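Student: So the chains spell out like this:
Number of protein chains: 4
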Amino acid sequence: MKLAMIGLGKMGGNMTTRLLRSGIEVVGYDRSVEVVTKLVDTEGMTAASSVADAVSKLGESGEKRIVWLMLPSGEPTEIQIQNLAEMLAKGDIIIDGGNSNYKDSQRRGAWLAERGIGFMDAGTSGGIWGLENGYCLMVGATPEIAKVVEPILIALAPSKENGWAHVGPIGSGHFTKMIHNGIEYGMMQAMAEGLDLLKGKTDFNLDLAQITELWRHGSVVRSWLLDLTADALKEDQELSAVAPYVADSGEGRWTVMESVEQGVAAPVLTLALQARFRSQDATGYSYKLLSMMRNGFGGHFVKSVND
Amino acid sequence: MKLAMIGLGKMGGNMTTRLLRSGIEVVGYDRSVEVVTKLVDTEGMTAASSVADAVSKLGESGEKRIVWLMLPSGEPTEIQIQNLAEMLAKGDIIIDGGNSNYKDSQRRGAWLAERGIGFMDAGTSGGIWGLENGYCLMVGATPEIAKVVEPILIALAPSKENGWAHVGPIGSGHFTKMIHNGIEYGMMQAMAEGLDLLKGKTDFNLDLAQITELWRHGSVVRSWLLDLTADALKEDQELSAVAPYVADSGEGRWTVMESVEQGVAAPVLTLALQARFRSQDATGYSYKLLSMMRNGFGGHFVKSVND
Amino acid sequence: MKLAMIGLGKMGGNMTTRLLRSGIEVVGYDRSVEVVTKLVDTEGMTAASSVADAVSKLGESGEKRIVWLMLPSGEPTEIQIQNLAEMLAKGDIIIDGGNSNYKDSQRRGAWLAERGIGFMDAGTSGGIWGLENGYCLMVGATPEIAKVVEPILIALAPSKENGWAHVGPIGSGHFTKMIHNGIEYGMMQAMAEGLDLLKGKTDFNLDLAQITELWRHGSVVRSWLLDLTADALKEDQELSAVAPYVADSGEGRWTVMESVEQGVAAPVLTLALQARFRSQDATGYSYKLLSMMRNGFGGHFVKSVND
Amino acid sequence: MKLAMIGLGKMGGNMTTRLLRSGIEVVGYDRSVEVVTKLVDTEGMTAASSVADAVSKLGESGEKRIVWLMLPSGEPTEIQIQNLAEMLAKGDIIIDGGNSNYKDSQRRGAWLAERGIGFMDAGTSGGIWGLENGYCLMVGATPEIAKVVEPILIALAPSKENGWAHVGPIGSGHFTKMIHNGIEYGMMQAMAEGLDLLKGKTDFNLDLAQITELWRHGSVVRSWLLDLTADALKEDQELSAVAPYVADSGEGRWTVMESVEQGVAAPVLTLALQARFRSQDATGYSYKLLSMMRNGFGGHFVKSVND
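Chains as they are written, first to last, in the numbering used here: chain A, 384 to 690; chain B, 384 to 690; chain C, 384 to 690; chain D, 384 to 690.
Among the hints, a few may not be true.
If several chains are the same, the list does not tell them apart, and a pair holds so long as it fits within one copy or across any two.
Cross-link-like lysine-lysine pairs, in silico, DSSO-like; alpha carbons within 27 Å at most [what the hints assert, rightly or not]: (1) LYS617 - LYS421; (2) LYS447 - LYS584; (3) LYS617 - LYS530; (4) LYS584 - LYS530; (5) LYS486 - LYS582.
Hints are computed from structural coordinates only; laboratory data are not their basis.
Note that this is a predicted model, so its numbers are computed, not measured.
Here chain A stands alone, though its shape is the one from the complex (with noise of 0.2 Å):
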């Protein structure tokens, strides 16, 4: 089995390793030659000096070539399938393992399949430790594609039984996975909002590390989640070094706008998303236009900026 593999950065270097470790051929390529090298030195991964490259070292168009692409949603991911169309041939595979929007997937995968080149859409959960302990694979194709890149799946799961499956038609896959970071921003929310209320009950003067640690233990709230949080929280429990600022990413907002388009309640979910715009919100004009209203009917005193 064979495969390239577009993009080697955390995830797709990771994946990369992954695979080789399993027996699995990868044809590298990446932006940085540097991040090329590395993995041809470490891990025997066969570099590629582009996509053309990469392409033409899978072998001859007939071969069913499988081009696995791991790079940021939206431009970056668009244009390359958009070379890749031109290099392939009809039976060849284009599988986009990143962040894309489902509905980005179903037209890619339409376009693709007017010009005879398969599409999978794999959602892929599991960050920086995927490597070690396989990857959570959310699939959208056809049977057909599905059945081909099995091994090249079950190779990055964490096991030959559990962690892949073949979710549904194109875009599934992607809009599993999109559900799936939707609920981890609620679960990750709810956790920072406790140990919130925990940190502000200071009478008790709790030791966070300690109860993330113990609640880790046979609690309701046990999870994967949880474990790195109690781990993250060991040294300094203060984050005083951290700033209180989270990004979002595209799938959290695409959730809120389902929830939207289906006319579906998720209350929690979308509040998850909007505790990070506020933590992005640097000038707080609907908290400055409050204060002024409060003036204006009560006479209420004005923080100024200089106070």
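Put chains B, C and D on the given structure of chain A with help from the hints.
Tutor: Chains B, C and D alone, transformed into the frame defined by chain A:
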């Protein structure tokens, strides 16, 4: 008609003025001699040098003396009610026009009733504009007490027919005022969020002073809060001198607690309160936690306080 | 001044009446002949038997003919704009007074501009009361177009000075209306939650018709929505004949999507929308899931559909 | 080591079993004789015919007798603690392992301390799986009391090293458990919302049993709650027999009250609680109000209960 007004701040002072201008005699007391003097000089209030003095100037025991408290809720109101219970006699009436918790009012009403002293909780809305427009009065009391106090309520209200009402038993006036304020929080927050989104659409370069003024005429959202908002935006719609900090008071919090006690969902009233909490949170500990968790599973960049 | 009005429903019909009463000539078309006939008979409208007929009755090409669309957003508006583009000539103007998505308006404006046809998006608020009170009009257009249409806007607005405004470029009128409706959702929800809590306090046995009427006078929450609510509660405050089902329209949803796109928290506007989603959800699948989870970890009782 | 267990329900019964199997002697009492008899017969528990009998079987005064209460919070726990205060002597210890409000525990701890009786609040998580997996125990007590009870905690916990901890003074155990449950509510709700959206995407026809099972392996959301959810979905993922009704208990409510008291935003924990309130609301009065308001300003159709 005659009453004592204890507390001559923004609310009590203006209410005293409105009462005097309606021909009701007011014996006024405030910790600030200056405030007392001013109302004596400009509006013809009768000065009292202490609460006891105010009571004595209301006449003899047996004359159904009325004392209106316009004090901060909690301890200041509690203390004065306990003081007054010593000074007053059977048939006298204490009115709490402040923002007390309705459960406190129920307790105080029952306690005063044991001493034969009447009690009324008069939730009072209208802010600094009440002097001119009249106050909206939500009254909890026995029918007898409500009847006695009626002329005072009418003098304070916008008109004889409107803006005052005996809504139910003791406690129900403050309860109704509490819910009123909860709604106020929600309406303010709705407006602030909408304006924030108008401002965020930078490519339209909208004039928020123009739009809020526009909405005042014929739109579905026209309201007194909008009137005030339009007014506030006329000078500096950037609100550059205003700190992004919104205070909250007891009634917003009690409304949320009431929803929890009743087991009734009130997401908008709750989130409006929590938006204020966010504005008051200087640390952002929950955001720091989220940032660390993201780093934990995905190796994502953690913004440092030094960035 | 003369214009064609396409769509004579609750909004378009009343607007036509108001225009005619202001001395503006209206050529009106609606799918319902009955509706057309009535406006001809009672208000002196000029009948049109089709959109083409309406255009022809506006005069010759070159006369800056004005067509106002008052149609459901989406397909009905899209189709008519495409039709009209065929019938109209350079210098003519299409006004979309419906609740179109502002992005559609931007697209349509650009597309019509290529054909030399002017476009205005006129977000229109005021509902069924606009006939009497005047409509609040939020207008997006070039300054030239806005100038031409001004007399029509003035005739529709509450007064010459107030209730209409040119807020920005094409799209900004519908954008402003969209946010207006978002705020409206939030204010309605705030009020509904507060009244729900008043009702839930059964031991006070509060009269919600009395209280909403009371609040209309002097309180901070006085507003047009409160006026309508007080009115609605006068007959049967139990609302026993009303189903607990609230429809939602595009603008509430688009506001939430806008907040996601901008990355700006709008919890109250969002939760107000989601409350409506909840009211529309006949299945309650998420509740079923929660009930099963509780059973899973705690052995808690699962209420059956037969209970 | 020896203790009395008062209350042998789902929690107390299993805990007794686990203690007995670890070689700790348990004198057990429950209102149900049947339950007592079963634990005597199958696990070798010592039967008590009353609380007083249980105390007497623990030995003489002066032997640091330990009584563990596993009762519903509120009155049942309150009554037994007051009873026990009469029966116990200086140096004896009461442990409340139920879900009491931490403020009650603080009050009870102080009251018992005046009588020389020790108190420990032991928040206990693990549900019906605790027998097998061990219980997660969050303990509030003085260091002396914690030391005495340690062997019992170790026997109940998943292991000697993990799953039990003395987190702080009296009250802090129940406080920590309360927050734990708040987080649990948030996590459950996040999962339920996500699955609801998966189900709502009908064109993908997703198999929720497959997906939840998939996520258990390698994904970021893997957790014990997910394990249970995957299990529950295996049989009938439509959950057609389950009523859309979710009960809530004190701790979820107290967590929200705590956030109000601290002035700390906890939107996700709050909305998770309110989702349950919604599920319990058979009337939908707030929805009716909204429907009436829409009718009031826009003439929109009001769905009747007969529709």
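Student: Each of the hints needs a verdict: does it hold here or not?
Tutor: So, going through the hints one by one against the coordinates:
Taking the shortest Cα distances, LYS617 and LYS421 never come within 27 Å of each other, neither inside one copy (32 Å) nor across copies (45 Å). Proximity of LYS447 to LYS584 under the C-alpha cut-off of 27 Å is found in neither arrangement, the shortest distances being 61 Å within a copy and 32 Å between copies. Only between protomers do LYS617 and LYS530 lie at most 27 Å apart by alpha-carbon distance; the minimum there is 24 Å, versus 44 Å within a single protomer. In this assembly of identical chains, LYS584 and LYS530 lie within 27 Å of each other by CA distance solely across copies; the values are 24 Å between and 54 Å within a copy.
Taking the shortest alpha-carbon separations for LYS486 and LYS582, only the inter-copy value of 17 Å comes in at or below 27 Å, while the best intra-copy value is 42 Å.
Checked against the numbered hints given earlier, the structure breaks hints 1 and 2 and satisfies all the rest.
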